[in-house]
Amino acid sequence: MAHSSKEMTGADILVRCLHEENVEFVFGYPGGAVLHIYDAIYHQDKFKHILVRHEQAALHAADAYSRSTGKVGVALVTSGPGATNAITGIATAYMDSIPMVIISGQVPTFAIGEDAFQECDTVGITRPCVKHNFLVKDVKDIAATMKKAFYVAASGRPGPVLVDIPKDITANKCLFDYPKTVALRSYNPVTKGHLGQIKKAIKLLADAKRPMIYTGGGVVLGDASVHIIKLAESLGIPVTSTLMGLGGFPASSKNFLGMLGMHGTYEANMAMQECDVLLAVGARFDDRVIGNIKHFMSHPKTIIHIDIDPSSISKRVKIDVPIVGDVKSVLADMNELIATEKPAQNTSALANWFKQIDAWRSKLCLNFAQSDEFIKPQYVIQKLHEVTKGEAFVTSDVGQHQMWAAQYYKFNDPRRWINSGGLGTMGVGLPYAMGVQFAHPNAQVACVTGEGSIQMNIQELSTCAQYHLPIKVILLNNRYLGMVRQWQEFFYENRYSESYMDSLPDFVKLAEAYGHVGMQITKPGDVEGALKEAFAMKSRFVFMDFITDQKENVFPMVPNGKGLSEMILANQIGAEDL
Amino acid sequence: MRHIISLLMENESGALSRVAGLFSARGYNIESLTVAATEDPTLSRMTIVTTGSDEVIEQIIKQLNKLIDVVKVLDLNDGKFIERELMLVKVKATGTFREEMKRMCDIFRGRIIDVADGSYTIELTGSGNKLDAFIESLDKTAILETVRTGASGIGRGDRILKV
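Read top to bottom, the protein sequences are chains A and B.
If you count by numbering that gives the first Met the number 0, then the first sequence holds residues 0 to 577, one letter each, in order.
If you count by numbering that gives the first Met the number 0, then the second sequence holds residues 0 to 162, one letter each, in order.
Some hints here could point you the wrong way.
[Said to hold, decoys possible] Listed next, the stretches of chain A that the computed footprint assigns to chain B, with coverage defined by at least 3 CB atoms under 8 Å from CB atoms of chain B:
#: 1; region: 179-189
#: 2; region: 235-245
#: 3; region: 304-311
FYI, nobody ran anything at the bench for these hints, they're computed from the structure.
Ideal placement from N, C-alpha and C gives every residue a C-beta, glycine not left out.
Given only the sequences and the hints, what does the whole structure look like? Please build it.
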């Protein structure tokens, strides 16, 4: 047990807690209520503090650090506006179940409730968007609270946990004693799946004529890639992934049908609709994935659902065989049983199923019309994939560029695709790239973004300069809030209300102003060369402004409220024409 | 359908707002909610009366279990249970009302706990239905004030919710 016989200040204790948790980076921004903590940080060098330019970016960077490593991300903000600026980052992490510990300063205990300078009810404001939060009212509680915070954040269905610490508590003193273990009578997440249910699931999958696996972010967060690959290959089942699940199952596998959902592939959505047994793993049947529920259920199927969170099961879609547990543990148990029992399969039905899938695949739904005149955004992503050999960490913002990155950058490994799936937060891309680059200093990190999103956290170009982060920004600049424009074109008779981006900065000069390399690419023929040139600058931050085709749309598209098989395709031939 | 959900939670500040916040954030109904510490001062016992389809009630139970401070959750409607609620009603007790109110109070096995020149205060305990029935049976113009605690519930016999 870590024990010090000398009394320490709350601030020093907090720093020691972070050491005990082997924290490498704390992303933060100082302010009045956290000055004692920053003084304690000044006196240590075990973790590195990363000074961002806006608290929102601190949260996103810590979030991406976690997404790309699996470790708990840590952020530190001051009271009042420091905490409120952090909210978007906390909510983003909460929606995607990212383990984080956020430390926020608070006004001194005696001033709480008096509308003190930079006071806000941080615990109250964050309550709906954290897994849990604490207000520490006694210096003696700091160590135990931090231990609980890290435990709760990382266990079960992960999520952000906030610890609010009043300033006087960080000045008060007591002995430091970091608990070795933590037990909460009210919190005991189930990890092991029910054996009877697992056996039932295997039987259903083996007997199925048209089986299908649908993987979500849980496979990535639960480090269950190896196990899902083994399961899909041993039973020969096709796999589709959600936006959050990409990379959890390799895109290069012949079993992979691509992403499903609103902008999923034709084959993935058709197979989801027409399968007879569906295995959902670490996914939650959300509205962007399933489309119209009634339509989805109109094709009868038996659904097996593995998830660590019981409340994800039968929330939107009624589940026939629920398996509550850690996806990695459940899949490992399934694989073991399959290996020993070698269940008989309906091979001819399975062969017919793949024949049907190949027919859907032959639609080539991701084909797009190449142009000599305009840079096609899809083409930029394809070339990015080639130039980085598919090995880069790719972060994205939110909008059309995000969907193109998801569709055309074929992810073969988990934790390489970093984006805001649940909350859909514009502005995450650049701070996400920062968090990833800190965690993987020698890796290629590309931030695919739009001219709308990038301007939501553009101030972080300064942070990238301070820490010499060699990120490559891939700006797909179409001078429109593209996804908004696309919906206005389809559903609002081309009334482009406030979706045109006027008065854009000269991004090349802007990048240069921060000491970075700026490039503008306007011709399709220059795309590949420019990317090669940029990625050859291994130690430089390069901002690549690709002037793309203004009117390009994301296809396929399942219109809001429609069923999965009611896609609009690029060539405008609907599913019913097949 | 109406369900009575009982739960044990850590007796900590903010625990009540976590439950109340969950109901408002997810659009669930709360008919009543009562809470107080148990014989173990570290634990609070809460009774929530809510309405919803079976699917909604299942989600409510799961979401409550997901709250870190919640130790145990029980849907009392899954078995036999007893429900009690306390109501205080101040009624007019002038003229003919004075006799009438005493009689109604006796029929419903209530007790008059305060007597003034123009009013009685009646204490009545029972299920929500019984309290509703009492209110229904009174002349509306006679009611000066009502206070209800909301339902408390407990399982029958061996059905025990304990840590």
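Results for each hint:
Interface restraint, the region 179-189 of chain A with chain B: holds (4 residues with C-beta to C-beta distance below 8 Å; minimum three). Only residues whose C-beta sits within less than 8 Å of a C-beta in chain B count toward coverage, and the region 235-245 of chain A has 0 of them, not enough to reach three; the restraint is violated. Only residues whose C-beta sits within less than 8 Å of a C-beta in chain B count toward coverage, and the region 304-311 of chain A has 3 of them, enough to reach three; the restraint holds.
In the structure shown, a violation is registered for the earlier hint numbered 2 alone.
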